[in-house]
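Novice: Chain residues, written in single-letter form:
There are 2 protein chains.
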Amino acid sequence: MTTVTQSPHPLRALVESGNHEGIEELLHPDVQFRSPAVHTPYEGRETCLHLLGHVVEVFEDFRYVDQIDTGNRTGLVFRANVTAPDGTTKAVEGWDYLTHDEEGKITEFVVMARPLSGLIALAQAMGARLEADPVPKG
Amino acid sequence: MTTVTQSPHPLRALVESGNHEGIEELLHPDVQFRSPAVHTPYEGRETCLHLLGHVVEVFEDFRYVDQIDTGNRTGLVFRANVTAPDGTTKAVEGWDYLTHDEEGKITEFVVMARPLSGLIALAQAMGARLEADPVPKG
Numbered sequence: 001m002t003t004v005t006q007s008p009h010p011l012r013a014l015v016e017s018g019n020h021e022g023i024e025e026l027l028h029p030d031v032q033f034r035s036p037a038v039h040t041p042y043e044g045r046e047t048c049l050h051l052l053g054h055v056v057e058v059f060e061d062f063r064y065v066d067q068i069d070t071g072n073r074t075g076l077v078f079r080a081n082v083t084a085p086d087g088t089t090k091a092v093e094g095w096d097y098l099t100h101d102e103e104g105k106i107t108e109f110v111v112m113a114r115p116l117s118g119l120i121a122l123a124q125a126m127g128a129r130l131e132a133d134p135v136p137k138g
Numbered sequence: 001m002t003t004v005t006q007s008p009h010p011l012r013a014l015v016e017s018g019n020h021e022g023i024e025e026l027l028h029p030d031v032q033f034r035s036p037a038v039h040t041p042y043e044g045r046e047t048c049l050h051l052l053g054h055v056v057e058v059f060e061d062f063r064y065v066d067q068i069d070t071g072n073r074t075g076l077v078f079r080a081n082v083t084a085p086d087g088t089t090k091a092v093e094g095w096d097y098l099t100h101d102e103e104g105k106i107t108e109f110v111v112m113a114r115p116l117s118g119l120i121a122l123a124q125a126m127g128a129r130l131e132a133d134p135v136p137k138g
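Residue numbers (UniProt numbering), protein chains in the order written: chain A, 1 to 138; chain B, 1 to 138.
Derived by calculation from the structure, the hints in this document are not laboratory data.
These numbers were taken from a predicted model, which means no experiment stands behind them.
Treat each hint with caution, since some may be false.
Claimed, not checked - Among chain B residues calculated to face chain A with C-beta under 8 Å, some are:
1) 75
2) 94
3) 95
4) 97
5) 100
6) 104
Where is the CB? At the ideal position from N, CA and C, for every residue including glycine.
Can you build the whole structure from these sequences, using the hints too?
Specialist: Following this line, the structure appears as structure tokens:
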């Protein structure tokens, strides 16, 4: 067996330390964010930070459980719970699929999640928050 | 920049060559399959093969677009289209998140997909097929 010595991805390190403000530094100004729920990508760092600011509030008991790296891509697997607006809590398993430029800035930030029940709760919880606090216009 | 020399994962190689029968050899007898739609894992090779047999029929224009490897885990990113029972076709982006034992057999086969519209079409198309051809009892 090969022993893989793996550094925690900077995003993982920040999230695990609770330093969400540091995330801005990791994002390319033109980062594309593809949410697990919505088809159309979101564009730009400010928009991405706005969304992530709500995501960290929506996820309960969030923890990263795996990291896979190859070249300029990293996959961070997570588990969490999400409480939908009707009060029911669902388990979610997902991953952050990150692509980086030569300087290590994240240029693509894709999130996928399962199962359907968890993703629906996530979409509903995020939808309610974004209705009250819409994504800034570019 | 580091140049990563990467062999295609055997599952990717089989799917891309159209040899779906070879997939059985890759799966551990007790493989756990976590579908993108359903919360409860499916258990065992026969069940997993039954599900994958329908999955390959449901996905149109299926292609793998990325592969990430670390240790005994591989992430295969794919894109495809899915036509729901009502006839509407949706784009899906997803990944197969695979964990292997020491012999390289797949012990965990997790699939996640986005966006919600694509996952719903996938769940509906799979649901219709599994109603007509149920998963075998263990």
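Novice: So, for every hint listed, does it hold in this structure?
Specialist: We went through each hint and held it up to the structure:
The interface hint given for residue 75(B) holds, since its Cβ lies 5 Å from the closest Cβ of chain A, which is under the 8 Å cut-off. For residue 94(B), the suggested interface contact is upheld, since its CB lies about 6 Å from the closest CB of chain A, less than 8 Å. For residue 95(B), the interface hint holds, since its Cβ comes within 8 Å of a Cβ in chain A; the closest pair sits about 6 Å apart. Taken as an interface hint, residue 97(B) checks out: its beta carbon lies about 7 Å from the nearest beta carbon of chain A, inside 8 Å.
With a cut of 8 Å, the hint placing residue 100(B) at the interface with chain A is violated, because the nearest CB-to-CB distance is about 11 Å. Restraint check, residue 104(B) versus chain A: the minimum CB separation of about 11 Å is more than 8 Å; hint violated.
Hints 5, 6 from the list above are not met by this structure, while the remaining hints are.
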